[in-house]
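Enquirer: Position chain B relative to chain A; hints supplied.
The primary structure of each chain is shown beneath.
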Amino acid sequence: MTRFATLLLALAAAQGQGKPDSLAALRQAAEKSAAEWDALAKGLDQKIEHLLPCDPAGKAAVEEISRASAARLGALSAYVKAEAAAARENTEAAKRALAAQAALGGTWAAERAESDQDHTAIEAQIAELKESMRKRSALNGAEQTLMELSRLAKERAAKAEEQAGRKDVVNLLLGDLISAYQLRQTALEQESALVDAESARWSFYYATRLARAATECAIINGAAAPKKREP
Amino acid sequence: MRRALLWIPLLCLAQHPRDEVQAAYRAWREADPNLEREAAAGGAPIAQRADRLSAEAGKFAAARKALLESVAQDQAVQVSLLDASPIAPESAAVSTVLDAQFIAAEDAHLTRMIRAFAGNRDKGIQRLKLALEKERTALNALSEAIAERQKSADGVQAASGAAEAARAKAMGEMRPMLDAANEAAGATSSEAAAWAEYYRKIGEGAQGEATPITVVPPGVQAVTLNNPAPAQPNVTPLPLVRYIGAWTYPASNGVFHGAQPEMVELEVSEANGQAKGTLTARFKLPPGNIGDPALRFEFSGPLQSTRNQVFNLVTDNGVKGRVELIPGAAFNLLEVTFQTESNPTKIRMADVVLVKK
Chain A
1111 MTRFATLLLA
1121 LAAAQGQGKP
1131 DSLAALRQAA
1141 EKSAAEWDAL
1151 AKGLDQKIEH
1161 LLPCDPAGKA
1171 AVEEISRASA
1181 ARLGALSAYV
1191 KAEAAAAREN
1201 TEAAKRALAA
1211 QAALGGTWAA
1221 ERAESDQDHT
1231 AIEAQIAELK
1241 ESMRKRSALN
1251 GAEQTLMELS
1261 RLAKERAAKA
1271 EEQAGRKDVV
1281 NLLLGDLISA
1291 YQLRQTALEQ
1301 ESALVDAESA
1311 RWSFYYATRL
1321 ARAATECAII
1331 NGAAAPKKRE
1341 P
Chain B
21 MRRALLWIPL
31 LCLAQHPRDE
41 VQAAYRAWRE
51 ADPNLEREAA
61 AGGAPIAQRA
71 DRLSAEAGKF
81 AAARKALLES
91 VAQDQAVQVS
101 LLDASPIAPE
111 SAAVSTVLDA
121 QFIAAEDAHL
131 TRMIRAFAGN
141 RDKGIQRLKL
151 ALEKERTALN
161 ALSEAIAERQ
171 KSADGVQAAS
181 GAAEAARAKA
191 MGEMRPMLDA
201 ANEAAGATSS
211 EAAAWAEYYR
221 KIGEGAQGEA
231 TPITVVPPGV
241 QAVTLNNPAP
251 AQPNVTPLPL
261 VRYIGAWTYP
271 ASNGVFHGAQ
281 PEMVELEVSE
291 ANGQAKGTLT
301 ARFKLPPGNI
311 GDPALRFEFS
321 GPLQSTRNQV
331 FNLVTDNGVK
341 GRVELIPGAA
351 FNLLEVTFQT
361 ESNPTKIRMA
371 DVVLVKK
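For the protein sequence lines, the chains are A and B, in the order given. Numbers 1111 to 1341, taken from the numbering used here, label the letters of the first sequence in order. Numbers 21 to 377, taken from the numbering used here, label the letters of the second sequence in order.
In short, the hints are calculated from the structure, not lab data. On a predicted model such as this, the values are computed, not experimentally measured, just so you know. You can take every hint at face value.
Dumping the calculated DSS-like pairs for lysine-lysine here, alpha-carbon to alpha-carbon at most 25 Å:
| hint | chain 1 | residue 1 | chain 2 | residue 2 |
| --- | --- | --- | --- | --- |
| 1 | B | 154 | A | 1169 |
| 2 | B | 340 | B | 366 |
| 3 | B | 85 | A | 1269 |
| 4 | B | 149 | A | 1152 |
| 5 | B | 189 | A | 1269 |
| 6 | B | 376 | B | 304 |
| 7 | B | 79 | B | 221 |
| 8 | B | 149 | A | 1169 |
| 9 | A | 1264 | B | 377 |
| 10 | A | 1277 | B | 85 |
| 11 | B | 189 | A | 1205 |
| 12 | B | 304 | A | 1240 |
Which residues of chain B face chain A? A few of them, derived with a C-beta cut under 10 Å, are:
| hint | residue |
| --- | --- |
| 13 | 45 |
| 14 | 49 |
| 15 | 104 |
| 16 | 154 |
| 17 | 156 |
| 18 | 176 |
| 19 | 182 |
| 20 | 190 |
| 21 | 191 |
| 22 | 224 |
We put the beta carbon where it would ideally sit given N, CA and C, even for glycine.
In isolation and in its complexed conformation, chain A is listed as follows (with noise of 0.2 Å):
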C-alpha cells in the first residue's frame, strides 16, 4: 500500500516535472509575439506616413498591428494563466510535502527509541557475556563486536535524534513555503486578471486608432468630392 502511494507521488512528479516544458513553450510564444508586435509598432509611422489617407494600405497596417497586439496578449494570458496554475501545483505539492513530513519525523522518533532499546539489550548482553568470559575467554572476540554493535546502536539513536528533532524546523520551513507559493499564487492569479482587462483597453485603443484613419479619409473624401462633380 505505501508503495503503491509513493508510486502515485513519483508520478505525480513526474508529471509535475513535464509542466515546466509546456510553460517554457508558452513563454517562448509570448516572446515572440511580443518582438513581433514591437517590431510592427515601432515601424507603423514610417510605414504610413507616405500613404494617402484613404489609401486601403494604411487601414491594412493599422489592422495588421492591431491583430499582432491581440496575439501577443492573447500569448501573455496564456503564459501568466499557465504560471499561476504551476504556482497552484507547487502549494499543493508543498501541502503534501508537509503532511508527509509529519509521517516522517514520526518514523525517526520511533527509530531513536527503538536505537535506544536496543542499546539496552546490548549492554545487558555484554554484562552477561562478561561474566562467561570469567570460565571461557575464548569468547572475549565476541565481546569486542558486541561492543561494536553496542557502539554502532547508540551512534544509530543519536543520528535518529538529530533527524527527529529536524521535524520541527522542516515543518516550519515548509509552513513558510506554502505561504510564500500562495502569495504568488494571487500575485499571479491578479496578474492574469490585468492582463485580460488590458487587453481589452489595446483592442480599444486600436479602435479609436483606425477610427482616426478613417476620419482622415472622410475628411479627404469630402474635400475630394465636389471636384469630381466639376465637370
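Expert: Using the frame of chain A, we list chain B on its own:
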C-alpha cells in the same frame, strides 16, 4: 522478565509500517535470551543456538533495511516534488517597458497634432482633432492599465524571490533527512554483518575446553610483531608489550575480584631486562568502612622467563608486598593481582583486569 519489559515501549510505538520490523526484532530477542549467560558451558549446543540467533538477527536486519529504504524512498519523493518546482526568472514578455515606450511616443505625437490643430475652426479639422483626442484618451486609459500591471508584475517578482528563498531553505533541511535515511538503510547491512560475526565468534568461542582469561589456551602461538626494528631478545615468553606500557581500569564494565576499583592506573617500563612500575588506585569502600580508598605503590625487579611476572612492591607508606602481572587473553588486557603485608586503613589485596591505553 527484565528483558521482556524492555520491549514494552517498542510495542507502544508499533504502527503499521514498523510492525514487521518489530515482530522480527521480538522473534530474535526472545528466541534465546540466555545465550550469553550460558555461553561459558561451551560445546556444540551453544554454537547451534548462536547459529539460530544469527538467522533471526538476519531476518530482523532485512525487515529493518526494507523499512528504512521505504522511508528513504518517501523522503526522496518529497524532495523531488520540491526539487521539480524551481521558479524561473520572470519572462521579458511580462515587462511593460516596450508598452510604456510605445505609449509615450504615441502620446507625444498625438499631443503635437492636437496642439497643431488647436484654434482651427475648419469642421473637418475639428472632427480630426476630436478623433485624435479620443485616441489619446484610449492611450491614457491604456497607460493606467499598464502601470497597474507593472505593479502587479513587480509583486509577482517579489513573491517569486521569497518563494524561491523559502524553497531553498526547506530543501536545505529536507536533503540531509534524505541522506540520513539512505545512510541508515546502508548501515543496516554493516550492522547485520557485525551480528553474524558476533554469533560466529560465540560459536567459535564455545569450542574446546573452558579456559579462564588468565590462562593461555593450549596450542595458542605466541604472537610475533611484524616490527622492522631489530627486537631485543626477550626474557619473557610473551612479547614485552604484554607487560610494559600504560594500563587503565575501564570506566565501565570493568572486571575485578575482591575490592571494587574506582580507578586504577598502571605504568610499567623496562630497561636491560629490569621492569619498573607504578600503580595508582582508588577503591570503592563498603558502606561504613572509614579506611583510605587510595593506594599507590612502586615495584621493580628482573623480568622472568615465566608467563606471569612477579615483583616485590613497596607502598607510599613503606609497606611491602607482592604484585603479579598476568597477560590477558587479548593483547590489550593485563590482569594485576597484588597483596601487601599488614597495611592499616589501606586496601591490602585486589585483582583487576586493566586495558592498555
